[in-house]
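Participant: Chain by chain, the residues run as shown.
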Amino acid sequence: MVKRHIELIKKQTKPYIWAITFIAVSIASYFFGFAPGITIYTSFEAFFIEMITFIPFLFVLVGLFDVWFPKKEIEKHIGKKSGITGILLVIILAMLQAGPLYGAFPVAYILYKKGASVRNIFIYLGAFSSMKLPMLGIEIGYLGIEFTVFRTLVTLPLAILIGVLMERFVGGEFEVKDGR
Amino acid sequence: MINNTIIFASVAGFSLLVSFALDKQKTRDAIRKGASMFTGIAPSFMNVLVLVSVLLFFVPQEIIAEYMGDESGMLGFFIAAVFGSITLIPGFISYPIAASLIANGISYSVVAVFITTLVMVGVVTLPLEIKYFGRKAAILRNAMNFVAALIIGICVGWLMRIW
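Protein chains in written order, with our numbering: chain R, 55 to 234; chain H, 4 to 166.
There's no promise every hint is true.
[Said to hold, decoys possible] Partial selection, computed: residues in chain R whose CB lies under 10 Å from chain H:
1) 76
2) 93
3) 95
4) 104
5) 117
6) 175
7) 188
8) 196
Derived from the structure by calculation, the hints contain no laboratory data. Note that beta-carbon positions come from the ideal geometry of N, C-alpha and C, so glycine has one too.
Please construct the entire structure, taking both the sequences and the accompanying hints into account.
Facilitator: See below:
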């Protein structure tokens, strides 16, 4: 019985081996007063808080999207035959989001699963990384409205071009996995 | 950061309530699916965060700012592009850095390429990206975005000068 439990714990913690090692080193750094270890842990903590305060909600939304939106409908709007409207829709979806790029990958997966075209998936990623409304707000605050508008106007056509090129180069064999 | 949480939490909470009112079983399935995707990818997320924290320590912000301010301009531009590509710095840290670079007389081109590569190219997140998109697509996306970032840096710098 006990042996089986240990096996199970081993199996479940194995993927976290790096994180566990890191935490162990951080605790040791704290006790021995090792300054670099403490500095590294401090930034890790900030990143971790940023991640854990939105990623779980994001996955709830991805799950809900999966069960409620029929593939046929999504495919019609942002699939292969969707044209300009499809591009506009994925850009709007991207602009309404927040968070770092790794939060966009699960959304890309669910869009793919629902029949979005390769082009639109990559346009979504481009718009996500550079045109999220919450980020544009911060950018205007720090760098001014001119800079933000110019950067967005130059980035948008390039993001669309990258989507088109990605479809051409990897379109045939492309698939998005759920990250496992 | 806190704002993100409030937005995400309220949208997710509201959607869950509506979904639950419409169909309990579907809502349970949705949560199960979301949770399983999350637990599947969580170790990779953790690895990215560990890697970024360690990297940031070895390449501190002051040193980056110093190199980006290189007088020749060209070198600063490329250092900004390469550094922005490798790391992942959240907006609430990167924008204040960018603003201080501008205040120190560093050109808009350098700042634009830095900001753009930070958000559009991710070398530390590449292993994670490969898990989702496969090796070829992930590398190609990053390479194309790197080139696009250089173009964006040059164009934005030029637009800010002629404006």
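Participant: Okay, which hints does this one fail, numbers in order?
Facilitator: Violated: none.
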